Amino acid sequence: MSDQDDIADAPDRQAGEAVWRTLSRLRSGRPLVHCITNYVAMDINANALLAVGASPVMAHAAEEVEEIASAAGALVINIGTLDKLWVTSMLAAAKAAVEAGVPWVLDPVGVNATPYRLEVAKRLTRLQPTVIRGNASEIATLGASSASGGQGVDSTIESFDALDAAQTLARKSGAVVAVTGAVDYVTNGRDLVAVANGHEFMARVTAVGCTLSALVGACLAVSDDALDATVHGLVIMGIAGEMAAERSQGPASFRVAMIDALYRMEETQVEEAARIG
Amino acid sequence: MSDQDDIADAPDRQAGEAVWRTLSRLRSGRPLVHCITNYVAMDINANALLAVGASPVMAHAAEEVEEIASAAGALVINIGTLDKLWVTSMLAAAKAAVEAGVPWVLDPVGVNATPYRLEVAKRLTRLQPTVIRGNASEIATLGASSASGGQGVDSTIESFDALDAAQTLARKSGAVVAVTGAVDYVTNGRDLVAVANGHEFMARVTAVGCTLSALVGACLAVSDDALDATVHGLVIMGIAGEMAAERSQGPASFRVAMIDALYRMEETQVEEAARIG
Amino acid sequence: MSDQDDIADAPDRQAGEAVWRTLSRLRSGRPLVHCITNYVAMDINANALLAVGASPVMAHAAEEVEEIASAAGALVINIGTLDKLWVTSMLAAAKAAVEAGVPWVLDPVGVNATPYRLEVAKRLTRLQPTVIRGNASEIATLGASSASGGQGVDSTIESFDALDAAQTLARKSGAVVAVTGAVDYVTNGRDLVAVANGHEFMARVTAVGCTLSALVGACLAVSDDALDATVHGLVIMGIAGEMAAERSQGPASFRVAMIDALYRMEETQVEEAARIG
Numbered sequence: 001m002s003d004q005d006d007i008a009d010a011p012d013r014q015a016g017e018a019v020w021r022t023l024s025r026l027r028s029g030r031p032l033v034h035c036i037t038n039y040v041a042m043d044i045n046a047n048a049l050l051a052v053g054a055s056p057v058m059a060h061a062a063e064e065v066e067e068i069a070s071a072a073g074a075l076v077i078n079i080g081t082l083d084k085l086w087v088t089s090m091l092a093a094a095k096a097a098v099e100a101g102v103p104w105v106l107d108p109v110g111v112n113a114t115p116y117r118l119e120v121a122k123r124l125t126r127l128q129p130t131v132i133r134g135n136a137s138e139i140a141t142l143g144a145s146s147a148s149g150g151q152g153v154d155s156t157i158e159s160f161d162a163l164d165a166a167q168t169l170a171r172k173s174g175a176v177v178a179v180t181g182a183v184d185y186v187t188n189g190r191d192l193v194a195v196a197n198g199h200e201f202m203a204r205v206t207a208v209g210c211t212l213s214a215l216v217g218a219c220l221a222v223s224d225d226a227l228d229a230t231v232h233g234l235v236i237m238g239i240a241g242e243m244a245a246e247r248s249q250g251p252a253s254f255r256v257a258m259i260d261a262l263y264r265m266e267e268t269q270v271e272e273a274a275r276i277g
Numbered sequence: 001m002s003d004q005d006d007i008a009d010a011p012d013r014q015a016g017e018a019v020w021r022t023l024s025r026l027r028s029g030r031p032l033v034h035c036i037t038n039y040v041a042m043d044i045n046a047n048a049l050l051a052v053g054a055s056p057v058m059a060h061a062a063e064e065v066e067e068i069a070s071a072a073g074a075l076v077i078n079i080g081t082l083d084k085l086w087v088t089s090m091l092a093a094a095k096a097a098v099e100a101g102v103p104w105v106l107d108p109v110g111v112n113a114t115p116y117r118l119e120v121a122k123r124l125t126r127l128q129p130t131v132i133r134g135n136a137s138e139i140a141t142l143g144a145s146s147a148s149g150g151q152g153v154d155s156t157i158e159s160f161d162a163l164d165a166a167q168t169l170a171r172k173s174g175a176v177v178a179v180t181g182a183v184d185y186v187t188n189g190r191d192l193v194a195v196a197n198g199h200e201f202m203a204r205v206t207a208v209g210c211t212l213s214a215l216v217g218a219c220l221a222v223s224d225d226a227l228d229a230t231v232h233g234l235v236i237m238g239i240a241g242e243m244a245a246e247r248s249q250g251p252a253s254f255r256v257a258m259i260d261a262l263y264r265m266e267e268t269q270v271e272e273a274a275r276i277g
Numbered sequence: 001m002s003d004q005d006d007i008a009d010a011p012d013r014q015a016g017e018a019v020w021r022t023l024s025r026l027r028s029g030r031p032l033v034h035c036i037t038n039y040v041a042m043d044i045n046a047n048a049l050l051a052v053g054a055s056p057v058m059a060h061a062a063e064e065v066e067e068i069a070s071a072a073g074a075l076v077i078n079i080g081t082l083d084k085l086w087v088t089s090m091l092a093a094a095k096a097a098v099e100a101g102v103p104w105v106l107d108p109v110g111v112n113a114t115p116y117r118l119e120v121a122k123r124l125t126r127l128q129p130t131v132i133r134g135n136a137s138e139i140a141t142l143g144a145s146s147a148s149g150g151q152g153v154d155s156t157i158e159s160f161d162a163l164d165a166a167q168t169l170a171r172k173s174g175a176v177v178a179v180t181g182a183v184d185y186v187t188n189g190r191d192l193v194a195v196a197n198g199h200e201f202m203a204r205v206t207a208v209g210c211t212l213s214a215l216v217g218a219c220l221a222v223s224d225d226a227l228d229a230t231v232h233g234l235v236i237m238g239i240a241g242e243m244a245a246e247r248s249q250g251p252a253s254f255r256v257a258m259i260d261a262l263y264r265m266e267e268t269q270v271e272e273a274a275r276i277g
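Residue numbers (this note's numbering), protein chains in the order written: chain F, 1 to 277; chain Z, 1 to 277; chain X, 1 to 277.
Think of the hints as simulated: they come from the structure by calculation, not from any bench.
Only a predicted model underlies this, so the values are computations on that prediction, with no experimental measurement involved.
Treat the hints with caution; some may be incorrect.
When chains are identical, the list treats them as one kind, so a pair holds in a single copy or across two.
For lysine-lysine, the following DSBU-like pairs were computed, each having C-alpha atoms within a straight-line distance of at most 35 Å [unchecked claim]:
#1 LYS122 to LYS172
#2 LYS95 to LYS84
#3 LYS95 to LYS122
With these hints in hand, go ahead and build the complete structure from the sequences.
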């Protein structure tokens, strides 16, 4: 792992080629990604997944989540607008995914905001998520198993400050843990990878973090290695953000351009832009 | 009915004039369209309905759906993100619409994906929908009353391959049935109409199928003939897609341009572009 | 209060400077705005709040709404897609906000459409909202405590025609009441302010009224005066609409440009464009 400047100075072509292979498999394989996500994120998540080549399905009814999760290429569970009925379905879907060998991503949105979210996130963490992705306040809270600051659902600390918590959480849960922010960090408790792609507008569009989790899910569906899949999902979204920034007048036109970029992204753009350290 | 090439070669000016009359009635009449639809589709459906001239209302509470459905120009029921509480409201709203003589559209999203959806869709089908619109996998499943392939909520077969199922379903249910895809087919069990308008990006934007159902609902509210109204709704949306493709860099800018086009569409554009066979 | 033409002819620089100070406080303070809002409005509300500088949190679970509302800078409750479970949370959140001294906004969407909505809105009105914002049909209904026309969730009367109802409602409830439309009127039961900013496309994009309520909430979080905060929220959104109209091809590109404008808006634009009378 290098520091942010090193990463920014030296795009990693070899890593970029691996990212491109994942993206190509996504586009040809069109994996089914089952999302149980929050109301705010559904639209952008479904559109980002379609743009990148995956086939999203949003479903939360207790009557059908086990069946859909078991048949999916990956499951993504996001607690952004949870309530009792949804939590029941989330737990059932996660169990079904694990039993069927389907990888799944936990996005503990706002786990730092209330004890209720922390309790739900801890229950889900015990169900062997393949990947846990959150912002620094969220991972710091979940890693420490007690609230660690943060205001609402936005982080008040830098991703670097949640590194210890991330590694602890990875070791305890067995999951790959990603802390995303200006620089993203991904760890399995031993290895640590940093990703420096992205743009500041990504913090000004709602549900971009949730969309990162959805893309990581899509990459898991076409990869054998959870750490690589996570890194590749973050790089793809980060490059889309960089491409989008060039044609944006503000956060809303940025969002449109970012989804367009997920669809348009070509081999050379990925290979030349990936900043992994 | 002609095959796809014939339709594409020969826009039908007379049919286009009828489509334009429907669109004009929509814009002047501003019919109330009550949607009980999925979380992913709500935003794009409401915006598409407003852009085309209708007045959308989203409401799902058991306490009020009968009243709203009875007073509406049309009701649209979409099972994309159903659960038990919503199903209760869907059934009540459909019954109220039929009793009040309000036309209603059933969109059986993902009916091929789980037995739960199939059971719900069958119960709704027995409540005399005016129109049933789905992709090929959905109509094939509902027409056969047993799962017929498809992955998640996207179709794995061509619309042409669901023609027999569509005609069977139309005869059994009494509804006009529309199978939409690269070419759309609309049948009342006797007559069969094909629509060749549209653009491939429409499959890369989430909830475009749901929006087709919503627009068909809007057209039903200002038409006497359910077959014509269905065809007109599909043509209007297809032309909007064609107009949008000219100013798009990817699926997200396409979506924006498609809704703009529903608002901007002029008489000559409709009359010269309608491809009905 | 002047009539619409006077306001339009004479932007008020002094008032504009006060609006700019509110916007600056928003951008630097990043207040947490807790929204319990309808499914259609969530995406645009969260994005508009982020663009203008606030930190939105959407949460509706009974297990956590009191805690989140108490800690927020403002609470916004919108009954656009209500049902029984959500109403329980809305009532609890409003009570918690009042107890904690957190200002809150009531948006009685479609209160004119059904007795159920009217009953819910009346219960919420009794919980001391700081501001009530609605269209003319909604305020006329809530002010009269009986349905007063309107079709679905769109108004069928002009904002001016709801002025008496607004003043009655303000006096009875103790809230500042805003009736928005081509011209917006804001009253505390004694003073009356008119705002003439905005663009006709704002009626062609879903949930713009809801977004006005969310922005008013954000302004309340950084202001001492509820009347001023309400006026400033309406002016900011209205100017964003005017800026957006210059770069739009229809309602969807207008929506994108309007959110961009909330982010881009500069001091001179606010000071030169504010039309308050």
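- [ ] Please write out, lowest number first, the hints stated earlier that are contradicted by the structure.
- [x] Of the numbered hints given earlier, the structure breaks none, since each of them holds.
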